[in-house]
Each structure stands twice: as structure tokens, then as C-alpha cells.
Amino acid sequence: MIRSEILRDIAPILRDQLVVCNIGIPSQELHAIDDQPTNFYMLGTMGLASSIGLGLALAQPKTVIVIDGDGSILTNLGTLPTIGNNCPDNYILMIIDNGSYGSTGDQPTYTSMKTDLVAMARAAGCENVVEVQDVDTGTALQAAIDSGKGTVMVVKCDSGNAKMPVITMDPVVIRDRFMKAVAS
Amino acid sequence: MNIDKRIADDLAANDVSFVTTVPCKQLAGVIEEIDQRSDIFHIPSNKEDEGMGLCAGAWMGGKRPAIIMQNTAIGVTINTLATLIQYYRMPLPMIISYRGELREPVACQVEMAVHTKALLAQMHIPTYHFHWQSDVEEFDNILKYTFMCNKPVAILTDANFWGGYGDQ
Ligand SMILES: Cc1ncc(C[n+]2csc(CCOP(=O)(O)OP(=O)(O)O)c2C)c(N)n1
Ligand SMILES: [Mg+2]
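Sequences listed follow chains Z and X, in order. Quick note on full-length UniProt numbering: the first sequence kicks off at 1 and runs consecutively. Quick note on full-length UniProt numbering: the second sequence kicks off at 1 and runs consecutively.
Please note that the accuracy of each hint is not assured.
As the list claims (entries may be wrong) - Pairs of lysine-lysine, PhoX-like flavour, derived with a Cα cap of 25 Å:
(1) Lys5/X to Lys180/Z
(2) Lys5/X to Lys25/X
(3) Lys62/Z to Lys63/X
(4) Lys180/Z to Lys117/X
(5) Lys144/X to Lys5/X
What the hints assert, rightly or not - Which chain Z residues stay away from chain X? Per the calculated CB distances, all over 10 Å, these:
(6) Ala32
(7) Pro37
(8) Gly105
(9) Asp116
(10) Arg122
(11) Ala162
(12) Lys163
Everything labelled a hint here was simulated from the structure, so no lab data went into it. The beta-carbon is built from N, C-alpha and C at its ideal position, and this holds for glycine as well.
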């Protein structure tokens, strides 16, 4: 499966949750599949989805699901120790590990070679780290939500992108409606 | 006056309850002060752009954030300031040690010091420079201003403000 197929699969689970979504095609796909005020789309700033989601989870009690990418985790690797040492129970980091920089044309990342994000997350101090096969994402995500424990999911899937329109919504509108959804 | 306590008190009085830091020698005292207070949650970050991500999330979650970092980190965070903090219009007080200014003993620090104000000006970031201890009087107003306008705001604090470098 490719990322967009996974997102389509788990959209019914994501719908009721606060979601922080990675830059580029992941956000375009989620926006096209099921736009919700509870979705925060990153339009830039590669790498910071996991950090934004962690700050959000630490600041309020609702469950936060971050949809991140392998390339973005690799560019902000310092995030893993910060998560490992501060992880609140309402934080779920779902790394879509397609082994590539999908948004920029599927150039391979090091996770398609020797690098293992599951082991790195564990070594950084993250306690609940699960490797998930693409077809099992929905089940694993629901289990993580139900567990009430902070979880890092590394979802192994194929590289590839669906053709979706660019998000034209104003960033302040995205942010404002998201904050209203967080506070409601 | 205990400057470290004064800064932490002003943060708390302005309801800033989420602070991320990357250390600088000059900031050691204020970081320690913030770390031991129960009314401020302190989360150290590994890089300043990561810290700004944490602050953005905390603010969207209803908490007022701040970041404490060295001026060299302006070079690390330009993209994050432009595409996250400014683009989504978020408030972020940045308490910055202004290394490489008068009384600096480490020559390399001057290399980013000479770019610091120019970069902040280019980014249209409101910037205040604390040189005398009494300049801290302005801090409370700067915090109010930051959360009024939802912008990143820089407070540059130089060695003279912190009382020099002691024996160095
Ligand atoms: C600082 C910076 N460098 C490069 C880019 C270009 N860029 C945007 S998305 C992306 C790939 C992200 O890959 P990943 O996080 O694995 O997500 P995927 O698209 O594969 O799901 C890159 C390299 C950028 N936006 N910012
Ligand atoms: Mg990828």
C-alpha cells in the first residue's frame, strides 16, 4: 500500500481525533480524503510535525495523532529523545515509513537502507514503539488510542503518491479552526 | 535584584507556562530558575527549531509558550520562524542571549553577533536589546505586546545585562 491508501483506510478513525499532518503530499492527501477542522496541515517547515504534536499533547488532554514521515523524522532526529523523555499518554506518533522523500519525487531515505526507526525510537527512550505493516495500520492505530499510552508507530509501506490538489486554505484559517476544535 | 527570578516571575505573571530551552552559559541561571518552578513547565529541546515546534503546539493547545536560546540559533530557525510561527501567526517570546557583544571573551561568537540584528530586521521581528540590568523593566510590557500581536518577538540580552563573564 502507498500512503494515500493507508490514509483512506484510517480516515474514519482520524475523523474524531486531533491530527497534526506532515508537510507536502501527506497533508494534501489527508485534506482531499477527509478535510476536518481537527486536522492541522503543515504547509512548510519540514520535520516539525512530531514536535508540534508533542507540544499540543503536553498542553491539553485530548489525544493527538501525528502523521509524520521517515524523511521528516530523520531531519529532526532530536525529536525522538524529547518524545522519549516527555511522552504524555495522549500522544501518538505515526511515522509513515515509505523509505523515501515522497513529496519531492520518491528519493530514497536511509530507512530504505540500513537505518531502523523502531530501534532508534527505542534507543531514544520511547517506551511503546511498534512496527506496523501497512494493511494493519487501522487496527494498530485504534489499539494505540484505546491503550491510553503514548505510542510511536512505524508504518512500513510502499513509496508513492496520489495526485491531489495543493491546499489553498489560508494558514491562519487552518490554525484558527484547529484551535477552536482543540478548545471545543 | 535577582535577574533570573525577575524574568521567571514576569513570565509566570503573564501566564507563560510552557518554556523550552537550549542552554547558553549566560542563560544557565534563568534556565535553572525556570526548571525548578512549579508554575512553569520546562521542556529542554535538542535544537531550537524543534523547540519552536513544541511552542507552536503548546500554544494551539491553550498554553502560552516561550523559548530561551542563544543568538546563534537565529541561524538555525529562520525557516521555522517564517513558515511556521509567522505564516500561521503565532506569538513567541524569544529570550535570547546575545553572545559576541561587548565583554565577550570568545571570538567566534562575534561572527553570528554581527548578523543577529540584521537577520531579525530582515524577518520583521520586533527586537529589544537589554544592555543594562534595569532594561528588564521592559520585559513585562514586551510579553504583553507579544501576545497582543501574535508575532515572534526577540529579546536580546547581552553580557553586560547578565553582569559580564566573571573570571573568564
Ligand atoms: C528544509 C527543507 N528541505 C527540504 C524540503 C523539501 N521537502 C518537502 S517534503 C519532503 C519529503 C518529506 O519526506 P517524508 O517526511 O518521508 O514524507 P513523505 O512525503 O515520504 O510521506 C522534502 C524533502 C523542505 N520542505 N524543507
Ligand atoms: Mg517518506
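Closest CB-CB distance from Ala162/Z to chain X, is it above 10 Å?
Given that every Cβ of chain X is farther than 10 Å from that of Ala162/Z, nearest at about 24 Å, it holds.
Please check whether the beta-carbon of Arg122/Z is more than 10 Å away from every beta-carbon in chain X.
With a cut-off of 10 Å, Arg122/Z remains clear of chain X, as the shortest Cβ separation is near 17 Å.
Taking C-beta pairs only, is Ala32/Z more than 10 Å away from all of chain X?
21 Å, holds
Does Lys25/X sit within 25 Å of Lys5/X, going by the straight-line distance between their CA atoms?
Holds, at about 17 Å.
Do the alpha carbons of Lys144/X and Lys5/X lie within 25 Å of each other, as the hint requires?
Distance of about 18 Å is within 25 Å: holds.
Hint consistency between Lys5/X and Lys180/Z [alpha-carbon to alpha-carbon, up to 25 Å]
34 Å, violated
Taking the minimum C-beta separation from Pro37/Z to chain X, is that value above 10 Å?
12 Å, holds
If you draw a straight line from the CA of Lys62/Z to the CA of Lys63/X, is it 25 Å or shorter?
Cα-Cα ~14 Å, so holds.
For Lys180/Z and Lys117/X, compute the direct alpha-carbon distance and say whether it is at most 25 Å.
Violated, because 36 Å separates the two Cα atoms, which is more than 25 Å.
Lys163/Z clear of chain X by more than 10 Å, beta carbon to beta carbon?
24 Å, holds
So Asp116/Z supposedly isn't at the interface. Is its beta-carbon more than 10 Å from every beta-carbon in chain X?
20 Å, holds
Is the Cβ of Gly105/Z farther than 10 Å from every Cβ of chain X?
20 Å, holds
Going through the hint list in order, the structure does not satisfy hints 1 and 4.
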